[in-house]
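Residue numbers (numbering that gives the first Met the number 0), protein chains in the order written: chain A, 0 to 310; chain B, 0 to 310.
Bear in mind the hints are in silico, worked out from the structure with no lab data behind them.
Accuracy of the hints is not assured; some may be wrong.
Copies of the same chain look alike in the list, so a pair counts if it works inside one copy or between any two.
Straight-line alpha carbon distances no greater than 25 angstroms define the calculated SDA-like cross-link-like pairs of lysine to any residue that follow [what the hints assert, rightly or not]:
| # | residue 1 | residue 2 |
| --- | --- | --- |
| 1 | K109 | F302 |
| 2 | K109 | T301 |
| 3 | K109 | L298 |
| 4 | K109 | A300 |
| 5 | K83 | G297 |
| 6 | K109 | M18 |
| 7 | K109 | Q164 |
| 8 | K109 | G297 |
| 9 | K83 | E131 |
| 10 | K52 | Q27 |
| 11 | K109 | R295 |
| 12 | K52 | G152 |
| 13 | K109 | A58 |
| 14 | K83 | S24 |
Listed below are the residues making up each chain.
There are 2 protein chains.
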Amino acid sequence: MNQREVNIREVGLRDGLQMVSTMLSSEQKLAWCARLVEAGVTDIEVTSFVPPKVVPQFADAAEVATGALAIDGLHAAALVPNLKGAQRAFEVGMRRVHYVLSASNAHNLKNVRRSTDESVEDFVRIAAARDELGHEVMLGAGVATAFGCTIAGEVEESIVLGLVQRLIEAGAQEITIADTVGYANPAQVRNLMLEVLALAGPVPVACHFHDTRGLGLANVMAAFDAGVRAFDASLGGLGGCPFAPNATGNINTEDTVFMLEAQGIATGIDIGRLLAIRETVAGWLPGEPFTGAIARAGLPATFVQREAVAA
Amino acid sequence: MNQREVNIREVGLRDGLQMVSTMLSSEQKLAWCARLVEAGVTDIEVTSFVPPKVVPQFADAAEVATGALAIDGLHAAALVPNLKGAQRAFEVGMRRVHYVLSASNAHNLKNVRRSTDESVEDFVRIAAARDELGHEVMLGAGVATAFGCTIAGEVEESIVLGLVQRLIEAGAQEITIADTVGYANPAQVRNLMLEVLALAGPVPVACHFHDTRGLGLANVMAAFDAGVRAFDASLGGLGGCPFAPNATGNINTEDTVFMLEAQGIATGIDIGRLLAIRETVAGWLPGEPFTGAIARAGLPATFVQREAVAA
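Only chain A is shown next, with the shape it has when bound in the complex (with noise of 0.2 angstroms):
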């Protein structure tokens, strides 16, 4: 059995759904949570601690986690929009939990209606609150909007950096680097990965990519070149962001994980599974745009599956 050598994680059943507009049952996602599993996709943000009113798909957080935690294998994570939100998902008893500001102030204010310094003010809160708990819980910090903003235009680098720094000083145990909007290229992602893994020492650090302007998967390789091991993605390539106009497209899970390993880089996840997952979803989700090279083209004669991973 391959030693995993990248992580990808799916965000499909949260930046995923956060923007379709059919609603699915908790049995769905978590029917979807578990077969990801079975494919060897181990982690999972399988829902967003939004207000019910501000995300309707959400309103079943708690349910979704609680089963989601029961799901043998699964590390299950929840993107948290604030303390408030925080709380809940410590309640329910997640382990995992992410939380998201933009680097742009303008992203931001759209986004959660607070400047960037009140979202690392909020997140020192939660940082706060998660140390008060019985239990563990892993705290990773996002940073969205890093390689640009459609609002704001270019962001300088050195704001990425200090809010890493701050994060991680705030107790980050993990730090993601975002192109919300689908601006980054590959030059920038390796300068900027570089910096941020030099600066986050032993902090794991993620990279999350859209696919925007066709250049998601050109950016994955050079988030890799800098050393970065661990990747959002979503199934078909659904999901993207309100705030950024003709944003659609997380880059997608499938042709993420045959780009790496048709390069041997190991993921530990069956290609031909998601397949077979993405028909069942795109069957619950009708008239939801579903991208994919893998799922139009197929494999490669000369593609070689190696065995799911266990994480």
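Following the hints, position chain B against chain A.
Same frame as chain A, but now just chain B:
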């Protein structure tokens, strides 16, 4: 004015048009060429000297070639499948002639009904005919299915390198390595292209990628990192290979230029003008699939377009 660092060579008029059902007039093809030159695209494969029975779209090869030779600033090239085609190209005065054979013998047999070895011998005859001309002609040779084949599966690096060696010895003044069926991955590209560049020495080397499985642009970056500075691309991603199932999709010119220019790698090409030409050509080819992330999502607000560069 910036120095051009990478040469993007347009193959839409050749690789693209060989697949479409609508016949374009010679006037349309030449207008397409002229506007590309205005946009900064100076290297264009304008036609193919194949028998009109095989590809009726190129029945006007001589007329298009002659017209293209009269366009200022255009380095017009023609593809030739055999000695007869080369002679037709020489007769109309083409100064750049491209020949292609497949590293996969099975693909070569299907494509041109002769073995790869026979195609090498054919190239030797073409080079001899070129040498007898009273004027200079740049003769380029391409190795197709260099990264794998839908019929034969894996293609050994040593076969590709052996062909490169023989083609250069036979008089090829430029080598193009082609992923005809969209099988290549970045690690494979980097490895093979480092070898090809070392072997080719002073002979220029280009790459020809298809985006069939989503890795086209990642492969461009891998080849660029290896040292390749010339790439074929097709406006709107038009084209494919008639014997590669689902292999629709040369890499898209607009997206390729965007990826490079966004990183500060000068192509000399104006993306806005490319997008305008794409719209015109799409109007001429109703029902044909056009790809392109930039055409769909637009350029980032942070993108800086540099001046188009004359060749």
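Okay, the hints, checked on the actual structure:
1. For the homomeric pair K109 and F302, the shortest alpha-carbon distance between copies (22 angstroms) is at most 25 angstroms, but the shortest distance inside one copy (44 angstroms) is not.
2. In this assembly of identical chains, the alpha carbons of K109 and T301 lie at most 25 angstroms apart only when taken from different copies (19 angstroms versus 47 angstroms within one copy).
3. Taking the closest pair of Cα atoms, K109 and L298 come within 25 angstroms of each other only across two copies (22 angstroms); inside a single copy the shortest separation is 41 angstroms, beyond that limit.
4. Taking the shortest alpha-carbon separations for K109 and A300, only the inter-copy value of 17 angstroms comes in at or below 25 angstroms, while the best intra-copy value is 47 angstroms.
5. Taking identical chains as interchangeable, the C-alpha atoms of K83 and G297 are never at most 25 angstroms apart, the minima being 44 angstroms within one chain and 37 angstroms between chains.
6. In this assembly of identical chains, K109 and M18 lie within 25 angstroms of each other by CA distance solely inside one copy; the values are 16 angstroms within and 46 angstroms between copies.
7. Taking identical chains as interchangeable, the C-alpha atoms of K109 and Q164 lie at most 25 angstroms apart only when both belong to the same chain, with a minimum of 24 angstroms there against 59 angstroms between chains.
8. Within a single copy, K109 and G297 get their C-alpha atoms only as close as 40 angstroms, which misses the 25 angstroms cut-off; across copies the closest is 21 angstroms, which meets it.
9. Taking the shortest alpha-carbon separations for K83 and E131, only the intra-copy value of 15 angstroms comes in at or below 25 angstroms, while the best inter-copy value is 82 angstroms.
10. For the identical chains of this complex, K52 and Q27 are intra-copy neighbours only, at 21 angstroms inside a copy versus 55 angstroms across copies, given an alpha-carbon limit of 25 angstroms.
11. In this assembly of identical chains, K109 and R295 lie within 25 angstroms of each other by CA distance solely across copies; the values are 24 angstroms between and 36 angstroms within a copy.
12. For the identical chains of this complex, K52 and G152 are neighbours neither inside a copy (30 angstroms) nor across copies (53 angstroms), given an alpha-carbon limit of 25 angstroms.
13. In this assembly of identical chains, K109 and A58 lie within 25 angstroms of each other by CA distance solely inside one copy; the values are 22 angstroms within and 57 angstroms between copies.
14. For the identical chains of this complex, K83 and S24 are intra-copy neighbours only, at 24 angstroms inside a copy versus 65 angstroms across copies, given an alpha-carbon limit of 25 angstroms.
The structure fails hints 5, 12 (numbered hints given earlier, in ascending order).
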